[in-house]
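Enquirer: Single-letter residue listing:
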Amino acid sequence: MKLKKKFSAWLLMIPALLALYFAIWRPQIMGIVWSFFKMNGYNAEEFVGLQNYKEVMADTEFVKILLNTVKYVIWSLIIGFIPPVIIAVILNEMVHLKGFFKTVLYLPVMLPGIVVMLLWYYIYYPDASGLFNIILGHFGIEPQMWLSNANLTIPLIVISMTWKSMGASMLLYYSALQSINGELYEAAILDGAGILKRIRYVTLPQISGVLLLSLVNQIITVFQVMEQPMTMTGGGPNGASISLGYQLYQYAFVSGRIGHALALGGIMFVFLAIATAFYFYLNHKIEQNVD
Amino acid sequence: MSMKKGISVTLACIMSVMLLNGCGDKGGTESVNGSTEITSGSTESENEGGQAVNEGTEATGEGAEATTGIVTISVGNWPSTEGASLDTRESQKKAFEEKYSEIKIEPDTWAFDLKTYYPKAAAGLLPTTYTCPFTESGKIIRSGYARTMTKALQEVGYDKLLNEKLMDIISKDGEIYYMPESCYALGIGYNVSIFEQAGLMNEDGTPKVPATWEDLLEMAKIIKEKTGKAGFAIPTSNNSGGWLFTPIAWSYGVDFMEQDENGKWKATFDTEECVKALQFVRDLKWENDVFPSNILIDNAEYQKLFATGQLGMIITGASITQPVSTYEMDPNDVGLFAMPAGPERRVSLLGGKIYTVSSGSTDEQVDAAVKWYEYVGVSPYISDAVASAQQQEIDTALAEGRAVGVEKMQIWNEDSEVVQNYNRLVEENANVNINHFKSYNESLTDPSLEVQVEEPVCAQDLYGILDNCLQEVLNNENADCAALIKNAAEQFQTNFLDVYAEGN
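As given, the protein sequences belong to chains E and U, one line each in that order.
Going by this note's numbering, 205 is the number at position 205 of the first sequence; the sequence numbering is gapless.
To convert a position in the second sequence, counted from 1, into this note's numbering, add 1000.
Source of the hints: derived by calculation from the structure; they are not laboratory data.
Take these hints with a grain of salt, some might be off.
[Unchecked claim] In silico DSS-like pairs for lysine-lysine, Cα to Cα no more than 30 Å straight-line: (1) E:LYS38 with U:LYS1266; (2) U:LYS1264 with E:LYS38; (3) U:LYS1304 with U:LYS1115; (4) U:LYS1266 with E:LYS64; (5) E:LYS54 with U:LYS1264; (6) E:LYS54 with U:LYS1486; (7) U:LYS1264 with E:LYS64; (8) E:LYS38 with U:LYS1115; (9) E:LYS71 with U:LYS1115; (10) U:LYS1353 with U:LYS1094; (11) U:LYS1172 with E:LYS38; (12) U:LYS1486 with E:LYS64; (13) U:LYS1172 with U:LYS1408; (14) U:LYS1115 with E:LYS64; (15) U:LYS1266 with E:LYS54; (16) U:LYS1276 with E:LYS64; (17) U:LYS1371 with U:LYS1160; (18) U:LYS1486 with E:LYS71; (19) E:LYS64 with U:LYS1285; (20) E:LYS38 with U:LYS1353; (21) E:LYS54 with U:LYS1115; (22) U:LYS1353 with U:LYS1304.
All chains should be modelled from the sequences, with the hints used to inform the complete structure.
Expert: Dropping the structure here:
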């Protein structure tokens, strides 16, 4: 009877498993396998071992691009991680207009990605027609280069990414805050805790699980950044905003170096697999604590 | 319970079948035209040059019907939207199929794009014939997806009449792999209104033409001074900057690469000449202030700046007529003059498109493709079909609001009657003051202007590296041009020439 039940379950899972196999597992596995081959377009010609990996890592720009990618992650944690938490806490404390602010803050999430990128591209436009430069112009300040400034380009791109995704993170934190038992706050107040102490000793420990998961999730997502530098700067100026994801795109779809694209994908996969394993480990720990 | 189980099994089976059906290989055995009996046209004996046939390209070779004698070819670059271009192509198809009842044309709207090219090629879904840019010729031959056309072109005598400058692009090891579709030489596009405001137009409607890059810079300064608009720029991203920087560098005496006796390619542009060429671009912004504020410009943005009246002069070819319709620019506001000379040479870049026949195609399909080219106007011999195609091309340009007045660079070796006929049609049907293009049109046959094809290997990669140099000198006033060029040459050698010794 148990075997029959299992059989039915597996039978129903077959379509989903096939879909996963064709759409996710097979491409990923073939991608890794082919990264060890000399590729002619999408035909594997000859096994070359680690040659593609060596060539990708020997590229004179590889270290610079890897560091750029790390910069994206670090700036996204500085600019994009804390603000949604603060806004969620403020929203949680608000009595009036809570729904209004939740909606307004969530609106950018609903915009198509390309619209957001172009919107910010024109906000940062380096002549007097750019929105930021118009504002600066009112104060008699000369137009700035914004995205064309190599020192600012990554943080500015991260600001646009944060603006787009902050609403979703904020809602996640907000829902976590809502689930905190109000009695904990009452007890803290009775013990004489002020707002900062309540946040330090009640709020943060209660939402630490969600925060930790979001942190790892954000690192994984931002590590793969590609569309923003492609659309807003073309990787410039002088390669200052090119990321590993964009370099992979360049290998595959601009230069037609499929072997190198697959090898770089393999390198990114290793980084992300470690981060993902850590993510699942944390998730498991958190679930255990909840239980 | 048994009913539940029955439903489960049925559902699982249906979904699995649907999924597998969706993932099935449609390129292997299915006919492109739904015919019932189809020969596989990919046997080696049917291939002229012994070019290896890739497993994924078989579908394109299935158009020759053994039973009915119908040859089917799928033709890429078919216009996908309603309008004059589609109407023209459909009427050409109709006339062609009436003349050649044994050939059937299958329209395919796919146009060459490296993003989709390799997946389509691997799946055997490339059209029988399609066009691609000159720069991709080496890649396609090396991939084995191009079929030789030597025999077919020899039979109609085209091989003897092709422009010799194009032979290195279209052939390899004595075999011709491509048929040139069109070519262009770069010149300088200018905005007539801005030129008028700056006092740079002559009374007869011709512009003041700069003889050298220094003269062009002086004109750009006048534009900036008198109109407040940027005088001149080159794009800097998506490889467009490098592409347009190469003819400037050539005119300063730069050779970007050379092949040694062992066949290895060496980057040779770490030179004083290349530094000076880069310095010229740097000075556009920092010494003369004629460059637009935005320095991260791709080709689309570049053309937009020009077509919307924010930029006086750009480097461009005959395609300058395209942004006119895209941005609804007055066609009379567009002009084009010949490339200025540098300290060493007066040279323009020769680019263009070539027809490719996919590697699995049969001899009959190659012959059919060559016949089809005549119906879209690509033939050295004037015929009713060619004359009609040329007239249709002009009519389409007029209907789409593009400027008609720019003559064509020749793909043929001599002053063929086809080119003369086309130029006559341009003159007769011009919707602009033809004097706006006089300097450029005359330069096409001017022996003092050299035309040079794009760099032979890794051209797009070189353009990407040069883009970075341009961005740096336009972004950083104190950028060291010599150090940038040195680094660029080393980068090009290490990352590309040493790795991709053969392919490009």
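Enquirer: None of the hints should be skipped; say for each whether it holds.
Expert: Here is how each hint holds up against the structure:
1. E:LYS38 with U:LYS1266: holds (23 Å)
2. U:LYS1264 with E:LYS38: Holds, at roughly 20 Å.
3. U:LYS1304 with U:LYS1115: holds (24 Å)
4. U:LYS1266 with E:LYS64: Roughly 24 Å separates the two Cα atoms, so the pair holds.
5. E:LYS54 with U:LYS1264: Roughly 21 Å between the alpha carbons, so the hint for LYS54 of chain E and LYS1264 of chain U holds.
6. E:LYS54 with U:LYS1486: Measuring from Cα to Cα gives roughly 24 Å; hence the hint holds.
7. U:LYS1264 with E:LYS64: Distance ~28 Å between LYS1264 of chain U and LYS64 of chain E Cα, so the pair holds.
8. E:LYS38 with U:LYS1115: This hinted pair holds, its Cα atoms lying about 19 Å apart.
9. E:LYS71 with U:LYS1115: Holds, because 28 Å separates the two Cα atoms, which is no more than 30 Å.
10. U:LYS1353 with U:LYS1094: holds (24 Å)
11. U:LYS1172 with E:LYS38: With a Cα-Cα distance of about 22 Å, the restraint between LYS1172 of chain U and LYS38 of chain E holds, given a limit of 30 Å.
12. U:LYS1486 with E:LYS64: Cα-Cα ~18 Å, so holds.
13. U:LYS1172 with U:LYS1408: Satisfied, since the Cα-Cα distance of roughly 26 Å is no more than 30 Å.
14. U:LYS1115 with E:LYS64: Holds - the C-alpha atoms of LYS64 of chain E and LYS1115 of chain U are around 25 Å apart, at most 30 Å.
15. U:LYS1266 with E:LYS54: holds (21 Å)
16. U:LYS1276 with E:LYS64: Between LYS1276 of chain U and LYS64 of chain E the Cα gap is close to 27 Å, so the pair holds against 30 Å.
17. U:LYS1371 with U:LYS1160: holds (17 Å)
18. U:LYS1486 with E:LYS71: Answer holds: LYS1486 of chain U to LYS71 of chain E is near 27 Å, not above 30 Å.
19. E:LYS64 with U:LYS1285: Measuring from Cα to Cα gives roughly 27 Å; hence the hint holds.
20. E:LYS38 with U:LYS1353: Within the cut-off at roughly 29 Å; holds.
21. E:LYS54 with U:LYS1115: holds (24 Å)
22. U:LYS1353 with U:LYS1304: holds (23 Å)
Checked against the numbered hints above, the structure breaks none of them.
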